[in-house]
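Peer 1: Full structure from sequences and hints, please.
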Amino acid sequence: MTILNQSASSKSGRIMSWLRRHLPEVVAASTMAAFALIVISCSSKQEKPATAEISAPEVAASTPEASATPVATPTPKKVKKHRPTTATYVNSDYGISVTYPRKYTVNFGDDAQAIWPGLGPVASGFGNSTGATVATIELPGNMYRDTDFATGFLKISVNKQVGREQCEQFAMEKADDAVQSAAVKVGANDFHEVETTVAENLKQGNARYYHAFENDACYEFAIAVETSRDGADDSTPQVDRTDVFRKLERVLATVRIKPIEKQKEGEDVHDVVGGSPESPATSEPASTLLSSDKL
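Counting in my numbering, the sequence shown runs from 136 upward without gaps.
Heads up, some of the hints might be wrong.
Said to hold, decoys possible - Below, in silico cross-link-like pairs of lysine-lysine (PhoX-like), each with a Cα-Cα straight-line distance of 25 Å or less:
1) Lys382 to Lys238
2) Lys295 to Lys393
3) Lys295 to Lys338
4) Lys212 to Lys238
5) Lys382 to Lys393
6) Lys215 to Lys238
7) Lys320 to Lys215
8) Lys238 to Lys216
9) Lys320 to Lys382
Since the hints were derived computationally from the structure, they do not count as laboratory data. Note that the structure is a prediction, hence the values are computed from the model and not measured.
Peer 2: Here it is, written out as structure tokens:
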């Protein structure tokens with residue numbers, strides 16, 4: 136028993152002696168091992184497997200290069216104004232207005248006298264009391280090319296010297312008796328109508344006269360067509376008189392006769408033409424041309 140106890144004590148003493156000598160090394164080694172474990176643990180947390188990211192190549196936005204030369208501003212197109220195809224003749228003194236194609240010719244004043252080419256002046260339906268020729272509207276001379284057409288026109292006259300009953304009758308200058316008329320309506324107007332013919336030297340003129348009594352005066356509208364075979368070949372075709380009269384009747388259908396105020400004593404209702412109110416140049420009936428697009 137004594138031997139065993141001594142042996143155990145001797146062994147314990149050796150262990151304690153070894154610990155005293157190597158304890159600092161053991162503690163240092165343990166500390167370093169623990170520190171190494173901590174470092175490895177932190178490194179493993181921070182080191183993650185890199186994920187491969189595939190990114191599409193950036194495409195540079197294409198910006199159009201600024202033009203070196205300035206862009207010219209387009210010039211706005213001029214708007215072509217529509218020119219009316221018709222015109223209106225207005226005579227305020229007699230209250231007359233009539234619309235006709237612009238390509239026709241209108242004459243008034245001293246130029247209003249209508250003439251048959253080669254036959255002389257166109258007679259009026261007033262007989263010897265001719266009245267006043269207000270205006271004449273004439274068709275273009277080249278309207279019926281290569282035919283025997285000579286002229287076509289509408290003549291407007293007013294006679295204040297005849298009464299209503301006389302206005303309904305026609306006294307032609309070359310006729311001894313009054314010509315009986317027929318009542319007709321053209322456009323908005325009621326007329327009395329007669330038709331006459333004059334012919335001489337291969338020339339022939341046909342005229343239709345229309346009378347209306349308004350404003351205490353007799354209004355006469357004569358539409359006429361003349362043809363001429365003088366100097367024409369036998370092969371020259373005749374103009375379609377019906378078509379010519381139809382064109383003139385369309386103009387006649389636009390005639391308007393408005394009531395006019397009666398002239399008071401000492402009052403001059405005529406417009407001043409080419410002068411001043413103090414010194415008027417003339418007292419002719421006032422005529423006006425207006426553009427329109429009705430016919």
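Peer 1: All hints, please: hold or fail.
Peer 2: Hints, verified against the model:
1. Lys382 to Lys238: OK: Lys382 and Lys238 at ~13 Å, within 25 Å.
2. Lys295 to Lys393: 16 Å, holds
3. Lys295 to Lys338: 33 Å, violated
4. Lys212 to Lys238: 28 Å, violated
5. Lys382 to Lys393: 24 Å, holds
6. Lys215 to Lys238: 20 Å, holds
7. Lys320 to Lys215: Since the Cα atoms of Lys320 and Lys215 sit roughly 40 Å apart, the hinted pair is violated (cutoff 25 Å).
8. Lys238 to Lys216: 18 Å, holds
9. Lys320 to Lys382: Within the cut-off at roughly 16 Å; holds.
The earlier numbered hints that this structure contradicts are 3, 4 and 7.
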